[in-house]
Each structure stands twice: as structure tokens, then as C-alpha cells.
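Chemist: Generate the whole structure from the sequences, applying the supplied hints.
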Amino acid sequence: MARKEPSDRGDAVKIRDLDEEIIAVSYSSDSDLAFDGVIGCIERILVGSQFQQLQGDFLEKYYLEFDESDENKLSYTAMFNEYVDLLEKHLEQQLMERIPDFNMKTFTELLMQRKDEVQDDVFETLMTFTDFLTFKEMFLDYKAEKEGRGLDLSLAFVVTPVSAAPSRCSP
Numbered sequence: 082m083a084r085k086e087p088s089d090r091g092d093a094v095k096i097r098d099l100d101e102e103i104i105a106v107s108y109s110s111d112s113d114l115a116f117d118g119v120i121g122c123i124e125r126i127l128v129g130s131q132f133q134q135l136q137g138d139f140l141e142k143y144y145l146e147f148d149e150s151d152e153n154k155l156s157y158t159a160m161f162n163e164y165v166d167l168l169e170k171h172l173e174q175q176l177m178e179r180i181p182d183f184n185m186k187t188f189t190e191l192l193m194q195r196k197d198e199v200q201d202d203v204f205e206t207l208m209t210f211t212d213f214l215t216f217k218e219m220f221l222d223y224k225a226e227k228e229g230r231g232l233d234l235s236l237a238f239v240v241t242p243v244s245a246a247p248s249r250c251s252p
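The numbering used here puts the sequence shown at residues 82 to 252.
Since the hints were made in silico from the structure, they are not lab data. Treat the hints with care, since some could be wrong.
[Stated by the list, open to error] Below, simulated DSS-like cross-link-like pairs (lysine-lysine); rule was C-alpha separation at most 25 Å, straight line:
hint	residue 1	residue 2
1	Lys170	Lys196
2	Lys227	Lys154
3	Lys224	Lys154
[Said to hold, decoys possible] Label pairs and their computed distance ranges (CB to CB):
hint	residue 1	residue 2	range
4	Lys154	Asp111	43 to 51 Å
5	Asp201	Tyr157	40 to 48 Å
6	Lys154	Asp117	36 to 44 Å
7	Ala225	Asp111	37 to 45 Å
8	Gly118	Asp148	38 to 46 Å
9	Gly229	Arg179	36 to 44 Å
10	Ile180	Asp151	36 to 44 Å
From a predicted model like this one, the values you see are computed outputs, not experimental measurements. Here a beta-carbon is modelled for each residue, glycine too, at the ideal position from N, C-alpha and C.
Modeler: Structure representation (C-alpha cells):
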């Protein structure tokens with residue numbers, strides 16, 4: 082039988098399973114809950130069809146412009162600015178519709194402090210708005226995938242028999 086007990090620490094909830102002697106304790110501050118709420122909204126927006134369509138169309142439009150050279154073309158800057166203008170503004174607009182008083186600048190500062198708490202793919206997507214090299218890497222990865230040069234993991238796996246005993250399976 083589980084029972085919730087009141088706590089003297091904010092919104093903390095203590096759950097005690099009296100039948101099995103299992104005790105779970107969770108403490109979260111208001112700022113933790115707010116940050117987690119924003120990240121949850123961002124995840125839903127990033128996987129949403131509208132964001133996926135905008136990003137996919139943008140990648141498709143410009144991926145042939147990018148190359149592996151360490152020297153960056155001047156045209157990349159214009160593409161980066163267009164990407165930020167299109168996709169970051171879309172994300173910010175969606176967040177402002179869902180979260181009253183949302184501020185992207187404040188959130189970005191908080192994100193940099195708490196980046197270890199965010200899934201890698203979400204963090205990397207957010208970094209494409211502020212970090213040019215992450216943006217360029219996204220394009221190079223997309224281009225490699227389109228050209229069939231994506232990461233091949235087939236050689237990373239080795240299958241070996243569990244025992245050296247002769248197999249009874251017929252070919």
C-alpha cells in the first residue's frame with residue numbers, strides 16, 4: 082500500500098510502499114520544474130511536423146553548397162543567418178505561445194549552465210542556432226547521408242558462437 086507523505090521541502094513528494102518497504106524520495110525546485118517544462122516543450126516542437134518540414138526543406142535547399150574544407154565560404158554566413166532567422170524564430174514563437182513570459186535569451190543562458198541535463202540530440206539542435214560549427218556539421222552530416230556516405234556500423238558488430246560445440250542446425 083503506497084502512501085504520500087507531506088514534506089517540508091517545497092514540492093517534494095515522499096512515497097512509501099508499506100507492503101514492500103520501498104521508499105522513493107524526489108525533490109525538485111521550482112526552477113528545475115520550469116527548466117524541465119521548457120525542455121519538454123522544445124522536444125515536442127523539434128519532433129513536430131512543422132519544425133521537421135522547415136528544417137528538412139532548408140537542408141535540402143542548401144546541402145550541396147557545403148564541403149569538408151576547413152575554410153568557410155562567405156555564403157555560409159548568409160545561410161546560417163537565414164537558418165537562425167527561420168528555425169530559431171519558429172521555435173521561439175512556438176515556445177512563447179505555450180509558455181507565458183518565455184524569454185529565449187534567458188533560457189539560452191540557463192541551457193548553457195545545465196547542458197548536461199539535456200538529451201544530446203536536443204542540445205545539438207539548439208546549438209545549431211548559436212554555434213556556426215555545429216550548424217556546418219549538421220549540413221555535412223546531411224550531405225553525407227544524402228550521398229550514401231553515412232556512418233556504416235556494419236563492421237562494428239562481430240557475431241561469434243556462444244560455444245564451440247558443433248551446431249545441430251542444418252544449413
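Chemist: Given a hint of 36 to 44 Å, does the C-beta separation of Gly229 and Arg179 actually sit inside it?
Modeler: holds, 39 Å
Chemist: Please test the hint of 38 to 46 Å on the beta carbon pair from Gly118 and Asp148.
Modeler: holds, 40 Å
Chemist: Quick one, are Lys227 and Lys154 close enough, alpha carbons at most 25 Å?
Modeler: This hinted pair holds, its Cα atoms lying about 21 Å apart.
Chemist: Hinted pair, alpha-carbon criterion (25 Å max): Lys170, Lys196. Please report holds or violated.
Modeler: holds, 21 Å
Chemist: Return holds or violated for the Cβ distance of Ala225 and Asp111 against the range 37 to 45 Å.
Modeler: holds, 43 Å
Chemist: Does Lys154 sit within 25 Å of Lys224, going by the straight-line distance between their CA atoms?
Modeler: holds, 16 Å
Chemist: Given a hint of 36 to 44 Å, does the C-beta separation of Lys154 and Asp117 actually sit inside it?
Modeler: Since Lys154 and Asp117 have Cβ atoms about 39 Å apart, the given range 36 to 44 Å holds.
Chemist: Is the gap between the beta carbons of Lys154 and Asp111 within 43 to 51 Å?
Modeler: Given range 43 to 51 Å: holds, Cβ gap about 46 Å.
Chemist: Indicate whether the distance between the beta carbons of Asp201 and Tyr157 respects the range 40 to 48 Å.
Modeler: Check failed, 24 Å falls outside 40 to 48 Å.
Chemist: Taking the beta carbons of Ile180 and Asp151, is their distance inside 36 to 44 Å?
Modeler: Holds: the Cβ-Cβ distance is about 40 Å, inside 36 to 44 Å.
Violated hint: 5 only; the structure is consistent with all others.
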